[in-house]
Every structure is written in C-alpha cells, then in structure tokens.
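Asker: Read top to bottom, the protein sequences are chains A and B. Per my numbering, the very first residue in the first sequence carries number 1; after that it's consecutive. Per my numbering, the very first residue in the second sequence carries number 1; after that it's consecutive.
Because the hints were derived from the structure by calculation, they are not lab data. Even for Gly, the Cβ is constructed at its ideal location relative to N, Cα and C. Some clues are possibly wrong.
With the C-beta cut set under 8 Å, the calculated list includes, among others, these residues of chain B facing chain A [claimed, not checked]: (1) Leu-169; (2) Leu-173; (3) Phe-177; (4) Val-179.
Label pairs and their in silico Cβ distance ranges [as the list claims (entries may be wrong)]: (5) Tyr-62(A) - Leu-82(B): 32 to 42 Å; (6) Trp-119(A) - Ala-54(B): 15 to 25 Å; (7) Arg-24(B) - Val-134(A): 33 to 43 Å; (8) Glu-145(A) - Glu-98(B): 21 to 31 Å.
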Amino acid sequence: MTSASEPLPTARPRRDPLLGVAIVAVALVYVRALAFTPIEARQGAAQKILYIHATSAFIALYVAFALMAIASILYLWLKDEKLDRVAESAAEVGLAFTTVVLLTGPLWGKTIWGAWWTWDARLTSTLFLWFLIVAYSLLRGAVEERGRRARYSAVLGILAALLVPFIHLSVYLFRTLHPMPILLKPSAPSMPSEMQVTFFSAFLAFLLLFAALLRARYRIATLRDHVASREQEHA
Amino acid sequence: MGEAPGTLAASWIVARKDLAIEFRTRTAFLSALVFALLGVTIFYFAWDATAVAAADLAPGVLWVIFTFAGLLGLQRSFGSELADRAIDGLLGAPISREAIYLGKALANLVFVSGILAVTIPAVVLFYNLPFGPGIGALAGIAALAAVGLVAVGTLFSAMAVNTRMAELLLPMLSLPFFVPIVMGAAQSSARLMAGRPIAEAWPWLRILVAFDIVFVTACTLAFPYTLDE
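One chain only, chain B, in its complex shape (with noise of 0.2 Å):
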C-alpha cells in the first residue's frame, strides 16, 4: 500500500487515466477535429467573400468554432465516468475531490489544446492569415482562453451527465459563461493579428486573466457539490 498522494499529484494520476483513454481510443479528439476544420471551412462561405476581408472574419471564426468543439470535448469528459459508474471508482480513490476535478480539468486542457493546435494553423493557412509575430501572441491568448473555457466546462460537464438531457444541457450552461471568453479572445487576437500594438489588446487580455482567476478558483470550490456523497 502506497502512500495517498497530494493533490497536485493525484490529479495528474486522474488526468493521465483521461487521457490514457482518449489516447487508446481518439474517438472524441478526431470527431471535435474534424468538426473544428469543418466549421472552419463552412464559415468561409458564409460571407462574401469580396465584401468581408478573410482577416476580419478569421478571430471571431477561430474561437466560435474552438468554443463549439470544445464543447465535444467536455461532453466526454464526465460522460467516460457513467459507464459501470466508473465514478464510484474515483470516489473511492484516496484522493479530495479537488484533484479529481484539477484532474479532469487538466486533461480537457490537453484536449482542446490539442484542438486549438491544428485550429489555429488551418485558419491562418485558408484565411491567408499574415504568419508573423502575431502568432506567438495568438498562442497565448489561446492558452488564457482554454483554461477559462476548461474550468468552466469541466464543472458543468460534471453536473450535465447526471441530468435528463445530458448533451443538450451542457452547452446550455456553458455558452452564456463563454461570452467574455470568445468577446475577450476575439477581440484582442483581431487586434494583434492586423498588427496593432498590444496595449490595444491589452484591456481584453485583462478581463481573460481575471476570467480565469476567478472561474478556476470558484469552480475547484464548487466541484464538490457537485457529487453525490
């Protein structure tokens, strides 16, 4: 009998299990893929094309579509533990229910940063984006936004699957929360890709930090009531 491990070790055991999942089966990742690249394409024709500029209509794109496909992601997340009520498993672990949450968060982090890795090239790539330093800043306003959208999402994930309509649910809690995500994300990526200087961007950046300040810490608090002791 090992010793019970600390928080921030135990919610890596949990996230690599998730992700240990995910990786043997690749189901969820490459379904949210292929629907990201879709959307990415599909919005293309939605616009003409000669009266909207590509570059002005590539952020709101990018993170509408990474919101969406997020969201495919994060049914999976708690929706894995219903089968054989696997939940009853991480319960039982020797661990508090905060790393099970970081855990489970941490790997839907993995996820859609997964997601945003193949996103963010295709829409620079068929959007004729201008590939310069832009890019660098667009990675880490990605970064704020995924946590944000992860600590969010996670939580309602886990509340979602215990309800009468699972899949419709969740993003029914989730969008209104992803607003001053996409708004904050779009706004300041649309800022530093035409080129402006950061501290254009940097109010939007402001509220994205404070986002997840607040959000990673009120959701961690409330996860565990979130479970049925």
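This is chain A alone, in the form it adopts within the complex (with noise of 0.2 Å):
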C-alpha cells in the first residue's frame, strides 16, 4: 500500500524538462547522423539506422531488461512498492525501445542481407524478449489487486531472466547447425572517428531518453497508485 505520507508527484506532466532536453538530444543527434557524419562506403545510407537500431537494442536488453528483472528480485526481497513500479516502467519503456529495435532492423537487413528477417541468433533472441515484455505487461493488465499484481509480475520478470539466456543458446545452436547462406552481417569493422563520435552520442541521447521516459512512467504509476489508494480508503 502507498503510505500516504510518500510525496506525490506534483509538476504538471507537460512541464517535463528532463523529457524535453533528451528529445532535443536525439534530435540534435540525427542531424549530426545525418548531415555530418560520412556516409559508409559498402552500405551506403542504410548504415545510419546503426545509430538508432544499436543504441536501443543495447538501451533495451543491458539497461531497461535488466533494470526489470533486478527490480523484481529486490521487489520480492524487500517489498517495497517503489521497486514495483520501477519495474513495471522499465518493462514498458524497455517494450518501446524493443519495438524499435524489431521495426528497424528489418529495413536496414533488406537492405544489407536481402532479406527483412532472417532466423539468426541475435534476431530471435530480440523477437522472443520483446514477447517475454508483452506477456509482462499483458500479465499487470490481468491482475487487479495491487499487492498481487506486484508479486506476479515480479515472479514473471525474474523467470523471464533465467530464460534470455536458454532462448540465445538454443537459436545460437539451431543457427550454427543450419547455417544460413543469406547471414552477410560484416564483422562490425572499426568505424572512423567521426562515426564513433556520433554513435556514441546517439548512445548517450538515447540513455537519456530512455531516464526521461522511465521518470514519467514512473510518475504515472505513483499517480495511479495514489488515486488508488485514495478510492480505497473513500469506498
């Protein structure tokens, strides 16, 4: 239960300066992605894709998964709502950033490998966390008591933890028996200067997008427990 002495969020969600500089970043990012870094010279175009694709894969997997499943032990351990919450936004956030990864390497492989998707270890892996994320959600969504809710999907997050790792040894295995003729990914070459710079600011925006996001989604969850909370004690 939120106690009701917790500090409710009071900025008015539009004034989110936080939000507002990350945009800003990404933005700023594009443009230097775009009009000031080189073009590569065997990809051509398609490479800046690298530059959002990479970023939120790593942004989803090694922060916003991870973030979940830590969050859901701790939540298990210490029962503190907040640790439910962080959860929760990092799972969804994580779904968004997910989503990218999956809209955008399609159209950069086409491109590059002919083909919009391949059964290749690192593309199944993604597609089946993006489906772990989805039974999460879908998980909160079907659980009304609160308590109940967080002990689920806190269950759910750490199996879904133990999992990833099954997930990527069976499809790496699977790919490495069955080799697939189409699987011309070059072995990420050294990139010039400039496009480290760029890469790694978009990494940064990009982080820095992910925290404004997971900060508002956080907000919302506080808001709506609170009101919660609220409608409890006035029933």
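Bring the two chains, given one by one in their own frames, into a single complex with the hints.
Answerer: Next up, the structure:
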C-alpha cells in the first residue's frame, strides 16, 4: 500500500525538462548522423540506421530488461512498492525500445542482407525478448489486486531473466547447425572516428531519452497507485 | 492427530489428490488426448506429403502438439482449486508451500506423461517411423521435456487462474518458456530418430537438462510468492 506520507508528484506533466532535453538531444544526434557523419562506403545510407538500432538494442536489453529483472528480485525481497513501479516502468519503456529495434532491423536487413528477416540468433532472441515483455505487460493488466500484481510480475520478471540465456543458447545452436547463406553481416569493422563520435553521442542521447521516459512512466504509476489508495479509503 | 508429513510425503499426498480427481472425472485427460491425436493427424495434411518426408515432419509435430496438449492439462491444475475456494484447504494444511507446488507438478507430470505415452506411438504409427532403438532415447527426451514443461507450467497455472483472462494468459506466459524445450526436444529427437550418433544430439540434451535444473529450482522457490497469504 502507498503510505499517505509519500510525496505526490506535483509537477504538471507538460513540464518535463528532462524529457525535453532528451528529445532535443536525440534530434541533434540525428542531425549530426544524417548531415555531418560520412556515409559508409559499402552500406551507403542504410548504415545510418545503426545509430538508432544498435543503441536502442543495447538500452533495451542491458538497461531496461536488466533494470526490470533487478527491481523484480529486490521487490520480492524488500516488498517496497516503489521497486514494483520501477520494474513496471522499465518493462514498458523497454518494450518501446525493443519495438524500435524490431522495426528498424528489417529496414536495414532488407537493404544489406536482402531479406527482411532471418532466424539469426540475435534477431530471434530479440523477438522472444519482445514476446516476454508483452506477456509481462499483459499479466500486469490482468491482475486487479495491487499486492498480487506486484508479486506475480516480479516472479515473471525473474523467470524471464533466467530464460533469456536459454533462448539465446538454443537459437544460437540452431543457427550454427543450420548455417544460413544470407547472413552477410560484416564483422564489426572498426569505425572511423567521426562515426564513433556520432555513435556514442547517439547512445548517450537515447540513454537520456530512456531515463526521461522511465521517470515519466514511473510518475504515472505513482499517481495511479495513489488514486487507487484514495478510492479504497473512501469506499 | 497424525504428525505433519515431510515435504516429499506431503507433495505425494497432494499429487494423489489431484490424480484421484482426474482419474474419477477423466475429462481433462481425455480431451487433451483427443486434442493431441487430432493435432497429429491434422498436421500431416498441412504439408505436401510428396515434398516433405513424414519422418522429417514427425519430431516437430510431436513436440509442438505436446506443448499445446500439456497446456490443456496445466490449465486445470489450479483451475480445479478455484471451485468453493478449495485452495484454502490446501493452504490451511500443515504442509509447506513447496510441497503444494511439487505435488501439483508431480500430478501434472503424470498427466503429460500419459499424453506422451499415447502420442509418441501414434506419431510413430501415423508417420511411419522406423521402430528401432531410437524409441528408448525418445522416451528419455520426453522425460526431460516433460519435467521442464511441467515445472514452468505449474507455476504459471497458479498465477493465471487468479487473473482476468486465465485461459488466454497461461499460453501467453508459458509459450516463450517452452521455446528452448521444443527446440531441444525436436532437434535431439530428429537426430536420434534419423539414426545419427548421440553425440550430435548431446548439445541439445544438455540444454534440456540445464533447463530442468534451473527452472525446477527457480519455480519451487518462486511458488510461495504466487499464493495469497
């Protein structure tokens, strides 16, 4: 239960300076990526997707998903509702980032590999990660009672974190036993320094965007729980 | 008043209770079985029999059908405790939460093993598989796959019954977790049934064994958190 003493977020949602800064940063990075970063010799303009695709993938898996798993473990241990809200917010913002990865990937793949989709280990793992986060969100939406919702989603969050290595291992094994000829992915060529600068600033900009969205989403969760508590008090 | 039983004895009592209910009604088992057999036959006509050899199709069909039929059994595992809040009787019993989980999982294991015991011969028969030493290995793979499926499915069944869309949620939660099981079981049984050396199936068997160890442990530990105190 939310204690009544917990301070309510009072700032109006329209004024979110962090979100504003993040959006401007992402926009600036894209101006730099499109206009002031050299075009890759072999891949042409398609390579520019890297700046949004690879950064989103990294943040989705290693920041959002990891945060969801850690917050889930800590919730079962400490039973603090804030941790449940962190897990919920990380999952939902992570879902947005994973969706971006799955949408931008085929755009790049069609140009470079000649196929929208291949059952490559990384692609398949990302797809199942997406399914897992969708299941997590559906579970949250299907449980009415707050304490139960938090416990259930924490259990799923932890099991999902245990599952990801298994999925990665099995799809990797699947691919290596059945090599696919269309996998023409260049083995990470060392980037020119201008591209590196663009890449790392893109990473920072998207990390900022993740943090801003996470904070905004967390605030919504807090408000929602508070409204639910008030309604219970009056009922 | 007798003494409270130990975890294993208690889980056996819980499993026996579930199996007795299932044995007296037989509804879930028979529908899951008919579903599995129907699935096996329908799948045969989903491919061009002249283009794909039935033997190549069989392992995939077997394990996909197995997971879906298993879901039917798992649904009932905790669904049967909803009526008259029968779960309260279990929770009030002087047994550990882990024993309830293990008992439920054990009953589900018997359930899915029963389905496999009919489905595997049916696949061998309908898909004209060579009935050789591979069958023994297939039984071993089936055991490994069944344990993993039941470990995860029993836990999610306990969660799904308390949600607003239980019948839909259980497959949605479980199927991503069944991916390594289906892949491991299908890939290893395909190799063994084709008469390949066991070394080729070994990496897949290792994944199945590791999956069983990790998820039986994790789900047993996680189960108490799915109960309302």
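Asker: Taking the hints in turn, state whether each one holds.
Answerer: We went through each hint and held it up to the structure:
1. Leu-169: Hint on Leu-169(B): holds, closest Cβ of chain A at ~6 Å, below 8 Å.
2. Leu-173: Because about 5 Å separates Leu-173(B) from the closest Cβ in chain A, which is inside the 8 Å limit, the hint holds.
3. Phe-177: holds (6 Å)
4. Val-179: Holds - the Cβ of Val-179(B) comes within 8 Å of chain A, reaching about 6 Å at its closest.
5. Tyr-62(A) - Leu-82(B): 32 to 42 Å: holds (40 Å)
6. Trp-119(A) - Ala-54(B): 15 to 25 Å: At 24 Å between Cβs, range holds.
7. Arg-24(B) - Val-134(A): 33 to 43 Å: For Arg-24(B) and Val-134(A) the Cβ distance comes to about 39 Å; the hint holds.
8. Glu-145(A) - Glu-98(B): 21 to 31 Å: holds (24 Å)
In summary, the structure agrees with every hint in the numbered list given earlier.
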